[in-house]
Amino acid sequence: MTVVFGIFLLTLLVITAIAIVRTENLFVAVMLLGIFSLLIAANFFILDAADVALTEAAVGAGISTVLFLGALALTSEKERASTGPRWLSVIVVVSATLVVLYATFDKPIFGDPAAPVHQHVAPWYLEKTPELIDIPNVVTAVLGSYRGYDTLGEVFVVFTAGIGVLFLLSAHHGGYSRRKESELEQTEIGLRDHLIPRVVGRMLVPFILLFGLYVQFHGEYGPGGGFQAGALIAAAFILYALVEGEDRTLKALPQSALTGLMIGGALLYGIVGLLGIALGSNFLDYSVLATTPVAGQQLGILLIEAGVGMTVTGVLLSIFHAFAARDRY
Amino acid sequence: MNLVLDIISWVLLSAGGVFVLIGGIGALRMPNLYTRMHAASVTDSIGAVLVLSGVMVQAGLSLATIKLGAILIFLLITGPTSSYALANAAILAGFKPDEKPGQEDSA
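Quick mapping for you: the protein sequence lines, in order, are chains U and S.
Counted the way my numbering counts, the first sequence spans residues 335 to 663.
Counted the way my numbering counts, the second sequence spans residues 3 to 109.
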């Protein structure tokens, strides 16, 4: 059954991809990209990769769609007619496709228990996690502890990307002045005229925040963790910005706080790693953080997941605000 | 007892599937944006309610049922809101509800 669903979803994925390439209206392309992300999230889910599916749905279908729309609002909805030789790109695409197709012949068949991925370290992770870390979700154990270096790298990639986008988008930061408090009460911004989206949006924001926190702190027991929670919390604030306006959101969570979250999250992760050295073990070894190694591992994972969540929230919201603020220049 | 529950959930799931299918056909075949939205909203409302109820019957009295109930409430609140937002945006963009087929933009 999994195979049938997989083939069905992958076929839809190919159709969506072709539609994305063929459409000339970039707005339509953005919507199709959201559908693409949802399809691939469903595909991850039927492969039992619930953590990845949650990330893809929250970031790919949710936040990136909003950021793409923000970019479109600043530029244009129409694709520019392509110049330059077309045959060159056709040759590149065709040869790359052939190489990938050729490479698939060496892959083990789907679900093969003898595949290298199931024989290498995975059995060790599955066997040792209850003993060493004692949390039900092995994915979180791998992400937070066994492959802590990789996750640290990912957090710094997110952090660097955020800094880069902020540098690009806030290049003309001269003429921008925050509206005064009294003006704020009077100006009709956001969807303030539209009662239904406003009421429903305001009602949903606390629940989305709650769900984000649940995903953050339940990551050791079920699918979830810092990346997903960061995207969900950012989504709650973006919803608030859409219904109540940009200025009110910045008043609720100012840019300085966002920058603090960005830096604080990455720093928290690094400091937890350094604590391992300070307490006489290796970098990012959490075993020494508490009295027993298992408790130390759990504490370390909790802290670094919090760091991941903070950085992701800060970066996504900063990028969103940077896009929104560009309108005013 | 299990058989009764299975039959109930089977009926609910099939009925939900039929409504989703009808909604899908309507979204493809209706002449303009508003009638298409009208057809597609069948998927959102009765289709989703029936499918989720069917799954809830299968899940029995468990945490999964509570989660499914939360999803159901969420869908019942957000579905009509997004339909309203879409219709409103279409009005603001200048789509007239009485447009004949073929006059509208296919975007």
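The reader is advised that the hints may include incorrect statements.
Unchecked claim - Quick partial rundown of chain U residues pointing at chain S, CB under 8 Å, derived from the structure:
1) His454
2) Ile530
3) Val534
Said to hold, decoys possible - Chain U residues, not near chain S, derived (Cβ > 12 Å throughout):
4) Gly394
5) His528
6) Pro531
7) Gly535
8) Phe541
9) Phe545
10) Phe551
Treat the hints as calculated values from the structure; they're not laboratory data.
Glycine is no exception: its CB is placed at the ideal position from the N, C-alpha and C atoms.
Chain S versus His528 (chain U) - minimum CB to CB distance exceeding 12 Å, so not interface:
7 Å, violated
Whether Pro531 (chain U) stays farther than 12 Å from all C-beta atoms of chain S, as the label says
5 Å, violated
Over 12 Å from every CB of chain S: does Phe541 (chain U) meet that, or does the non-interface label fail?
Per Cβ check, Phe541 (chain U) is inside 12 Å of chain S; nearest 8 Å; violated.
Should the label of Phe551 (chain U) as a non-interface residue stand, given a Cβ cut-off of 12 Å to chain S?
17 Å, holds
Can His454 (chain U) be said to touch chain S, with a Cβ gap under 8 Å?
33 Å, violated
Hey, does Phe545 (chain U) actually stay past 12 Å from chain S on C-beta?
Phe545 (chain U) is in fact no farther than 12 Å from some Cβ atom of chain S, at 9 Å.
Double-check Ile530 (chain U) for me: the hint is only fine if its C-beta lies closer than 8 Å to a C-beta in chain S.
5 Å, holds
Confirm or reject the statement that Gly535 (chain U) sits farther than 12 Å, beta carbon to beta carbon, from all of chain S.
With a cut-off of 12 Å, Gly535 (chain U) comes too close to chain S, as the shortest Cβ separation is near 8 Å.
At 12 Å, judged by beta carbons, does Gly394 (chain U) keep clear of chain S as stated?
19 Å, holds
Take the shortest C-beta to C-beta distance between Val534 (chain U) and chain S; is it under 8 Å?
Where the cut-off is 8 Å and the nearest Cβ of chain S is about 4 Å from Val534 (chain U), the hint holds.
Consistency note: the structure conflicts with the earlier hints numbered 1, 5, 6, 7, 8 and 9.
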